[in-house]
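Visitor: Start from the sequences and build out the full structure, keeping to the hints where you can.
Protein chains: 2
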Amino acid sequence: MLKPLSKNRLKFYQKLNQKKYRDQEKLYLISGLRAVQSALENDKDNCIELIFEESKEELLLNLETSLVKQQSTVSSKDFKSLSDEKSPQGICLVAKKPTTDFELNKIKNGPILFLDRISDPGNLGTIIRSAAWFGIGAVLLSPGSADPFQPKVVRASVGAINVVQIFEEVGIRKLEQIKSQKDFSFFATDVSGGTELSSTKFNKTTLLMFGSEAHGLANEYKNLADSKLLIKKIGNGESLNVANAAAIIMYQATINK
Amino acid sequence: MLKPLSKNRLKFYQKLNQKKYRDQEKLYLISGLRAVQSALENDKDNCIELIFEESKEELLLNLETSLVKQQSTVSSKDFKSLSDEKSPQGICLVAKKPTTDFELNKIKNGPILFLDRISDPGNLGTIIRSAAWFGIGAVLLSPGSADPFQPKVVRASVGAINVVQIFEEVGIRKLEQIKSQKDFSFFATDVSGGTELSSTKFNKTTLLMFGSEAHGLANEYKNLADSKLLIKKIGNGESLNVANAAAIIMYQATINK
Chain Z
1 MLKPLSKNRL
11 KFYQKLNQKK
21 YRDQEKLYLI
31 SGLRAVQSAL
41 ENDKDNCIEL
51 IFEESKEELL
61 LNLETSLVKQ
71 QSTVSSKDFK
81 SLSDEKSPQG
91 ICLVAKKPTT
101 DFELNKIKNG
111 PILFLDRISD
121 PGNLGTIIRS
131 AAWFGIGAVL
141 LSPGSADPFQ
151 PKVVRASVGA
161 INVVQIFEEV
171 GIRKLEQIKS
181 QKDFSFFATD
191 VSGGTELSST
201 KFNKTTLLMF
211 GSEAHGLANE
221 YKNLADSKLL
231 IKKIGNGESL
241 NVANAAAIIM
251 YQATINK
Chain U
1001 MLKPLSKNRL
1011 KFYQKLNQKK
1021 YRDQEKLYLI
1031 SGLRAVQSAL
1041 ENDKDNCIEL
1051 IFEESKEELL
1061 LNLETSLVKQ
1071 QSTVSSKDFK
1081 SLSDEKSPQG
1091 ICLVAKKPTT
1101 DFELNKIKNG
1111 PILFLDRISD
1121 PGNLGTIIRS
1131 AAWFGIGAVL
1141 LSPGSADPFQ
1151 PKVVRASVGA
1161 INVVQIFEEV
1171 GIRKLEQIKS
1181 QKDFSFFATD
1191 VSGGTELSST
1201 KFNKTTLLMF
1211 GSEAHGLANE
1221 YKNLADSKLL
1231 IKKIGNGESL
1241 NVANAAAIIM
1251 YQATINK
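Chains Z and U are the protein sequences, given in the same order. Using my numbering, the letters of the first sequence map in sequence onto residues 1 to 257. Using my numbering, the letters of the second sequence map in sequence onto residues 1001 to 1257.
Honestly, the hints are just simulated from the structure, not real lab data. Treat the hints with care, since some could be wrong.
[As the list claims (entries may be wrong)] Covered stretches of chain U, going by a simulated chain Z footprint (3 or more residues, C-beta under 8 Å):
| hint | region |
| --- | --- |
| 1 | 1131-1144 |
| 2 | 1240-1254 |
[As the list claims (entries may be wrong)] Think about it this way: if two alpha-carbon atoms lie no more than 27 Å apart in a straight line, the pair counts; the simulated BS3-like pairs of lysine-lysine are:
| hint | chain 1 | residue 1 | chain 2 | residue 2 |
| --- | --- | --- | --- | --- |
| 3 | U | K1019 | Z | K86 |
| 4 | U | K1069 | U | K1003 |
| 5 | U | K1152 | Z | K233 |
| 6 | U | K1233 | Z | K97 |
| 7 | Z | K233 | U | K1201 |
| 8 | Z | K233 | U | K1097 |
| 9 | U | K1232 | Z | K232 |
| 10 | Z | K232 | U | K1106 |
| 11 | Z | K233 | U | K1106 |
| 12 | U | K1080 | U | K1015 |
| 13 | U | K1044 | Z | K232 |
| 14 | Z | K7 | Z | K80 |
| 15 | U | K1232 | Z | K228 |
| 16 | U | K1020 | Z | K86 |
| 17 | U | K1086 | Z | K86 |
| 18 | U | K1232 | Z | K201 |
| 19 | Z | K204 | U | K1233 |
| 20 | U | K1044 | U | K1003 |
| 21 | U | K1232 | Z | K108 |
These numbers were taken from a predicted model, which means no experiment stands behind them. By construction, the Cβ of each residue, glycine as well, lies at the ideal position given by its N, Cα and C atoms.
Guide: What follows is the structure, given as structure tokens:
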């Protein structure tokens, strides 16, 4: 039998839906079975408390719950107050937020990604998910990007948020450090022209830059690029979704390295 | 000066947010500037009426409005009633819905896609968008898929819904016809194993099958596959988003053909 969550702790956890409190408490919420499973498998030391919606305790059967000391239940109504979803699955995990402060020495193997102002949480989460699949060394987020620990990004990443090394607030100075001190080659994606992706060679010191669909890549970043990449258009489409373009380029950059 | 839309027509167009009325009236709504631009460029004969939110008429400047005879304005409140978005851009187009009845003779060049019960509208729209970019000959949707003309799919496709040939209600019998009478080779994507994507050869009679993330590809379809495809996992990720996987495979299938 699980214990009910106290009103005080419920209130405390509800606040984690706001960035201010996530930053202050260094905690965030992971909702949904697959994402919780992934966190338990990949990042168990940072798992703080499992919360189940009462009557959904059968979800326990799918989990190695022994990995988390604290476990509790809440009513359906209270569970909804923890989630921004219309129909949450009924399981969520409170986890320690890793530090996302940039450190040059933590940049080891490439390819790595730099994302300029990707503010759509679905796109950001999906890119992080693909980055985990392709073994991307780090995801660097420019100022003005979505918070990677907000619930929608965490959900779209389906657990990958626990797998990939993420740095926030990476601007032009830090990029210049990576270029000069780590000797990375920078590739910018550009629909207007560039080398065709399929004939480009990549290696372990490759940095791939992507801008948002709304703003593109800012000029100051674009000017740092050594090469421009083009995904050849074969049909009559007008554009590609940025997460899809990033997935294609990660695929090619990891098989061509 | 644009004329205001009559109450009766507003009511009539509001109903197009429901599948029943879209099917009955053979019309659908396209919301947002980029998608409307794409429809005017690629499918002008099917554009029926442009509707602007009053005060947003500056959007007219971005459009070849002469291509559409009927144009009208509505209040902000009425515009919202036409859209399922929280903050719609203020421009929408009523368009004729093309027929999506399957005809074997309309299947010409591949690669073509078969999607089994993709019910997430964002994923379906994004796949259609990539299909337009890569010149995919047709997108076949199984019974139980999302309606491709619902507003969220149309929006995620960013205009590509007007570019790609789409067939609905394609089940096992129709797939068998394509295989036997058109001599297509069927490829199923499978995370559990298969030939690595990068070493697979494709051609103009390739059909690529994808299942939803929730249900995978149904066995009856999987049994039709000549080969299984695998996108090699390099990192510690658990899965790829289906629209991203489809984009990667479309990319590879169109450069390797």
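Visitor: Starting from U:K1020, check that the Cα of Z:K86 is at most 27 Å away, please.
Guide: The hint holds at about 24 Å.
Visitor: Quickly compare the C-alpha distance for U:K1233 and Z:K97 to 27 Å and report which way the hint goes.
Guide: With a Cα-Cα distance of about 26 Å, the restraint between U:K1233 and Z:K97 holds, given a limit of 27 Å.
Visitor: Would you check chain Z against the region 1131-1144 of chain U, counting CB to CB pairs closer than 8 Å, and say if three or more residues qualify?
Guide: holds (count 6)
Visitor: If you draw a straight line from the CA of Z:K233 to the CA of U:K1097, is it 27 Å or shorter?
Guide: 26 Å, holds
Visitor: CA of Z:K233 to CA of U:K1201, is that 27 Å or under?
Guide: 19 Å, holds
Visitor: Three residues or more, CB to CB closer than 8 Å: is that satisfied between the region 1240-1254 of chain U and chain Z?
Guide: holds (count 10)
Visitor: Holds or violated: U:K1232 with Z:K108, Cα cutoff 27 Å?
Guide: 22 Å, holds
Visitor: Do the alpha carbons of U:K1232 and Z:K201 lie within 27 Å of each other, as the hint requires?
Guide: With Cα atoms ~18 Å apart, U:K1232 and Z:K201 stay inside 27 Å; holds.
Visitor: Could you grab the alpha-carbon distance between Z:K232 and U:K1106 and see if it respects the 27 Å cut-off?
Guide: Within the cut-off at roughly 26 Å; holds.
Visitor: Under the criterion that the straight-line Cα-Cα distance not exceed 27 Å, is the pair Z:K204, U:K1233 satisfied?
Guide: 17 Å, holds
Visitor: Are U:K1044 and Z:K232 close enough, with their CA atoms no more than 27 Å apart?
Guide: 26 Å, holds
Visitor: Within 27 Å, alpha carbon to alpha carbon, are U:K1152 and Z:K233?
Guide: Between U:K1152 and Z:K233 the Cα gap is close to 24 Å, so the pair holds against 27 Å.
Checked against the numbered hints given earlier, this structure breaks none of them.
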